[in-house]
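For this one, chain U is given, so just place chain R on it according to the hints.
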Amino acid sequence: MAGASPSARAEVVVPSDWAAATAAVSSETAPPVVIVCGPKNAGKSTFSRLLLNSLLPRYGRVGYLDTDVGQPEFSPPGCLSFNFVEEALTDLLNPSLRQSERCCFFGDISSKRDPETYLNCLFHLYDYFVEKYRSGASEPLPLIVNTPGWVKGAGFDMLVEMLRYICPTIVVQIRISVQSKNLPDGMFWLDCGQTGPKMINIDAPFHDALNRSLLIQKDSYGMRERRLIEYFKQCFANDISLATNKELAYALTSLPPYEVSISDVMVIHLHCQVPPSEVWHSLNATIVGLAISCGTAEAGIVRGVDVQRGILYVITPIPLEHLQSVDLLLQGLIEIPKSLLQVRGCVSPYMPTNVLHRISERDINT
Amino acid sequence: MEAAEAAPEATGGGGLSTGRKLVPWSSWAEWRLVRDGLFSPSPIAALRRIAAWRSRGSLPVPVDVTAAFVEIRLRDPFFRGVMAADDALESEEMLTMLYSMAIMRLVNGFVENPHKKTGYSISDLAEAVGIPRVLVDIRHESSHRNLPSLRLLRLAAIKAFDWLKCIYWDSQTNAIPDLQVEVRSKLHEINHFLKGKDSKKAKPGSKRKRPEKIISRNIKYVRRLYYACPSEVASVILEFLLSGALEPSENSDVQQTESSDVDQSADIHNQISNNDMKTIVTKLSEKEPRLLLGILKSVIETIETVEGLENKGESNACLPAKMEILCSHVLWIVTKLKELKDSGCIGLVHEIGVLSSDRNAVPRFCLAKLLRKLLSLSIIGERCIIDAALVLIDMTTNNVKKKLLQLPMLPLGRLSTDSTLPESKEIESVDKATEKLEMFKSRLKQKDLCLAENGTGASLNTIVPEKRNSWSTTKSWTPCPIGMIPCSFSSAAVLPTLDVDDDELNDDISEQHENFHSDVHTERNEHYSHPEKQLDVEIIPEISRPSPEYEISDMPELTFPLKGRLLVGGVWKVVSEEELLFIKSKMKILL
Chain U
1 MAGASPSARA
11 EVVVPSDWAA
21 ATAAVSSETA
31 PPVVIVCGPK
41 NAGKSTFSRL
51 LLNSLLPRYG
61 RVGYLDTDVG
71 QPEFSPPGCL
81 SFNFVEEALT
91 DLLNPSLRQS
101 ERCCFFGDIS
111 SKRDPETYLN
121 CLFHLYDYFV
131 EKYRSGASEP
141 LPLIVNTPGW
151 VKGAGFDMLV
161 EMLRYICPTI
171 VVQIRISVQS
181 KNLPDGMFWL
191 DCGQTGPKMI
201 NIDAPFHDAL
211 NRSLLIQKDS
221 YGMRERRLIE
231 YFKQCFANDI
241 SLATNKELAY
251 ALTSLPPYEV
261 SISDVMVIHL
271 HCQVPPSEVW
281 HSLNATIVGL
291 AISCGTAEAG
301 IVRGVDVQRG
311 ILYVITPIPL
321 EHLQSVDLLL
331 QGLIEIPKSL
341 LQVRGCVSPY
351 MPTNVLHRIS
361 ERDINT
Chain R
1 MEAAEAAPEA
11 TGGGGLSTGR
21 KLVPWSSWAE
31 WRLVRDGLFS
41 PSPIAALRRI
51 AAWRSRGSLP
61 VPVDVTAAFV
71 EIRLRDPFFR
81 GVMAADDALE
91 SEEMLTMLYS
101 MAIMRLVNGF
111 VENPHKKTGY
121 SISDLAEAVG
131 IPRVLVDIRH
141 ESSHRNLPSL
151 RLLRLAAIKA
161 FDWLKCIYWD
171 SQTNAIPDLQ
181 VEVRSKLHEI
191 NHFLKGKDSK
201 KAKPGSKRKR
211 PEKIISRNIK
221 YVRRLYYACP
231 SEVASVILEF
241 LLSGALEPSE
251 NSDVQQTESS
261 DVDQSADIHN
271 QISNNDMKTI
281 VTKLSEKEPR
291 LLLGILKSVI
301 ETIETVEGLE
311 NKGESNACLP
321 AKMEILCSHV
331 LWIVTKLKEL
341 KDSGCIGLVH
351 EIGVLSSDRN
361 AVPRFCLAKL
371 LRKLLSLSII
381 GERCIIDAAL
391 VLIDMTTNNV
401 KKKLLQLPML
411 PLGRLSTDST
421 LPESKEIESV
431 DKATEKLEMF
441 KSRLKQKDLC
451 LAENGTGASL
461 NTIVPEKRNS
471 WSTTKSWTPC
481 PIGMIPCSFS
491 SAAVLPTLDV
501 DDDELNDDIS
511 EQHENFHSDV
521 HTERNEHYSH
531 PEKQLDVEII
541 PEISRPSPEY
551 EISDMPELTF
561 PLKGRLLVGG
571 VWKVVSEEEL
581 LFIKSKMKIL
591 L
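Just so you know, the sequences run in chain order U and R. Start counting the first sequence at 1; every next residue gets the next number (full-length UniProt numbering). Start counting the second sequence at 1; every next residue gets the next number (full-length UniProt numbering).
Pulled out of the complex, with its shape left as it was, chain R reads as follows:
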């Protein structure tokens, strides 16, 4: 409580200064990886990353010089150990020069600017900054007199290295804000005051500020944190949503209210009940609708992770329950999204003018991408996911909605959980595949129409493009910071993984963003620019020619009305198992 109070917005609370600096790293996680690499026995990967940083400019002097010392050490047999001592990579003279130069650059890098400005002597300034005296002497010796001895230089290099670690690497480490702790404490505080409304009467005058003010201040703060690190904040919120749901809500409620009055700081790891959390998220998303997209992305990614665990056969009693909760959150978030959309707080990509210079314009998201993602989840059978998809479909134009609602498959999915027969599973998956295909196609048709109207889309009637243009304008772009890209389904801004795929040395550095996509994406690569065409060309002709319209024929209600049938070109056709398998294999590529 005190800590939160002592961090008012004016001074940029919690050490989050408002001053921003251009740096060559894209996140503090990347910076930490390089730091750990440099101070580890195998610094090669870190040195490579610093080479990339150097090419971007704006590399801080301490990073530059530390890298220099590490690189020289790699060449010095003295530091490489007995084994390597035989092969003299560098002569002693060469090493002497390397060390001297690095030390010279260290001293100059720290005191040159103040030296020019103030006119104080280098040694005075160095003393003020705390540079070890021996480094200043070596700088003087090697620039004006004889080169110092290699023995002295090695000692000095160790000193310099330690000094850099202390003055830069450790200090910076301490200065990085712990986002998770901050978000947690803010959420708790919001929760505390939201619930405190009733209990306030009990002890009047104990609060100096009105709770509403404190709440809105904290909401603003969380929003700022979200701008800084969207995925981290979203995952913390999701964590709360999950932990709140797994506990019996009443219990944690009681626990929460009791503890919060006693000691605010202790309950940072306590749960906030699910309902309270939903209220908080609602309040947050009213201020920042994009947060909702961020959380949705987190939820869907978690679902996919859990799916992955289940597929690996890791049986865990918690998994089904967790999955159920996750799915219910998807539904809840999508419902919220619709509410926000209806109230005009968030828009769809194609509805509002593509470009706006107005910073206060409503954020947008791409409905089609999100819908496609939901339908491609293998747990599409889950009731909540279907409902969520339906809510999304509800947001589309009436035309599409009507068509999709006519599809009798959606309720069928619910049967899937009970059925164990391989054959019925097969059919079910084909049904789902068909449904997805149909939905996808109608979306594409619609999108294509839009594009054709705008005159920007290439004609999709041409089956094979005569000349492939390598450059094109991105379709359905959602605003996101420079250096980030919109998430492929939630439209939230994500920091892309920048590691080159086939480089194994880099695996340790690669961050966990979206790596579960990689196998799908590589398959899609060459067809990326024309996924629509691929759909028309490759899949459909295998079965039959599609008719231009995609109308759904009326079907009598049977027990298994769709067994062995596939909706092709608006007609339910009987298809063989091979054909089904073929379609199924292709579906992976499409979705």
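One chain only, chain U, in its complex shape:
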């Protein structure tokens, strides 16, 4: 993440309509609740960062509700989180990891597998925000809600539910030049006749020669993998050199993990049914959410299971004292980065050679 930023940061040019939009939002009389929406790769996250930085000087602190489980802003992939931000973001083009105030481990990179649970997580986080920062005597906290780029079909329905539940004061819609991919214009989530919030429409910032907004194709798989790698780098103190993934992978194999008795934690499979007899076959060497029964979650790797002694070995950047209340292991479908599994001399057994993967024409002919 940090690698690309220094050169890229110099090129950040804020389009005029974006500047106008952030100015309009930050000059609202009351602390706003802003929802940023639009198709994928239109620049929602970038705009949200910009907006966050422009709200900070006036309010000093801003809430950020991160609902994009595929590419979260502050947490590892698969999480929805509420964040309390007090200092400006230095890198406008890339997400940065930070400790969330409250985090739900949804366990997949898209909400499509379980829309109901997804929305419940989202509502839970929003309720938490309202109760803590909007209903007290102190000045209410402004909130930015970044949404996923899935705006068609079931994704659209979920966005509508989200907008109806949150009732934002401002909705910023980013539009791209391919009209068919955009959200409907106007207050699409309300029945006709209802009065809605302020709408701001802006264009995606990337244009081609004909001044059409362009979508930048992102390597989302690679981005998720890098993000997880960044996340697990936090397990180590800064003085250890971890310049390459190989060094990190080796360090992870030699890091004394946390251990917990199997009887002290409960395992929940979020998206699959796994027979009780197979639970450790399912969990060994996978990424899990480490959660407290009724609260926040973080991510970790189950790096080994000793069934006879009843011990789980877990790697996570969470400090030990915060771990003590963790009693849930949530297994989703967040794939462990392959580069963490193959270290010379320490290759994970789940990374064998000679795997027949795809049947190709060549195989048929021989």
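Once the Cα atoms are required to be at most 20 Å apart in a straight line, the calculated DMTMM-like pairs of lysine to aspartate or glutamate come out as: (1) K475(R) <-> D264(U); (2) K21(R) <-> E225(U); (3) K198(U) <-> D185(U).
If you only want the chain R side, here are some residues facing chain U, beta carbon under 10 Å, derived: (4) S55; (5) P62; (6) L495.
Just so you know, the hints here were simulated from the structure itself, not pulled from any lab data. Cβ atoms here follow ideal geometry from the backbone N, Cα and C, with glycine treated the same way.
Just chain R, lined up with the frame of chain U:
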């Protein structure tokens, strides 16, 4: 010979391609078990395992679809036989839909990606991949027209199943490298060239490459195999060590040299003499010290297996001889280990910084665990094991060594083999128990000191922990791949048994890793996080309060100086039989 030559490292010889794939199974053995289960009359266990695989992601399409077909068959009265035909679990319509969907997913799973990439039609691609035409037609029919008839679908399902077996299960089976054969042939080749040094002069020019190069290439290869499957490679090497030793060495030497020149491939099952094997292992362990730990683990496990056989009363003339050889190997390996440690090729867990991101850092092992294991072997009386333990003790700090050497028990153990009196056996076992206890305690004290210095260890002075923390940082961890755990005594990486203990249905799937530990471990479970405390709290007060120091009092040399006595708190105290029995029963839990 030719086969080995034709497998150069560059192309990843012997079919071992360098390309690694993330798969949901932890070993090819597990994959084979599931394969055999799926194609057997009772596929339930295999289907359950595949459910676990599915939850990990990265499940190959052919596995997914085969499981689907097997599961549908289980619901179809047609395949379940006459008996079950009465109770209609699923209606025909439901079965029709299930079959159609499975076939659709099969066809799409194989051709969807190339279809998107190339734009060729589904049927063209299916033909290229070799999917039976009827499946492609059913996919088309059921997605765009009426559902096909159940009769047709059943036929098609059989075809699909056979096709999957051929195209995936059989092909993959053939692609799995036979590790044992590979290791054997490599070892033979190394041996051949090691010994070939003298005979080379006889036929100059017959070798294109220098033997040293070939040897080091083969060593690298064995090392790679070891990384892939540590326990398998270690057991093959141990097999060689044992078979070489059981034969008169000169005979096999002659046989070896003769046959190796004649036909290399035929002598794959021949022995390599013990001395040659030791040279090979030395060379291997110079390159990869962890291999030595792996072999040591194999040896100790074999000793325990043999012990188990002896305890069951299975009298076998070979067993004592085998045990002797095994014990001598333990000594030899431990000596090698010390040599490697002295030359800095391998370190101890507490000596080097706990964490390193340097891939070339020296591997480490946990001395205390290994020592504890050796002392807990019931054949502790064997001379070689005592010597091995002493070599290990020699590696510890001087302080501990001095104390332990003062213990007059160690030579006593040798008497045990002759003595048959039950009483003397009793005393002997108590002696051993005491010795182990003392050693264990001093180790723990030392470890505890280390921890206290680092500020990470909990204070052991508190007898009962006020609040039990469920999470803790693992102590004395040795680097091992993600998905594996360090062996409880040898520090070598092992693939853990992941089956839930009390599930009987799973017994057939369970692999044989470390199952002999289970009874000990279950007893230890609840006290696991504080074994040290348990030691202090439960055992000692039964006899007397321990004094803070553990010094060994001087004893005059008597014929049976320790009869009826036990070293408690540094003093030899007279203890009653009941007390001894009590201690003995507790020792099992401790060690």
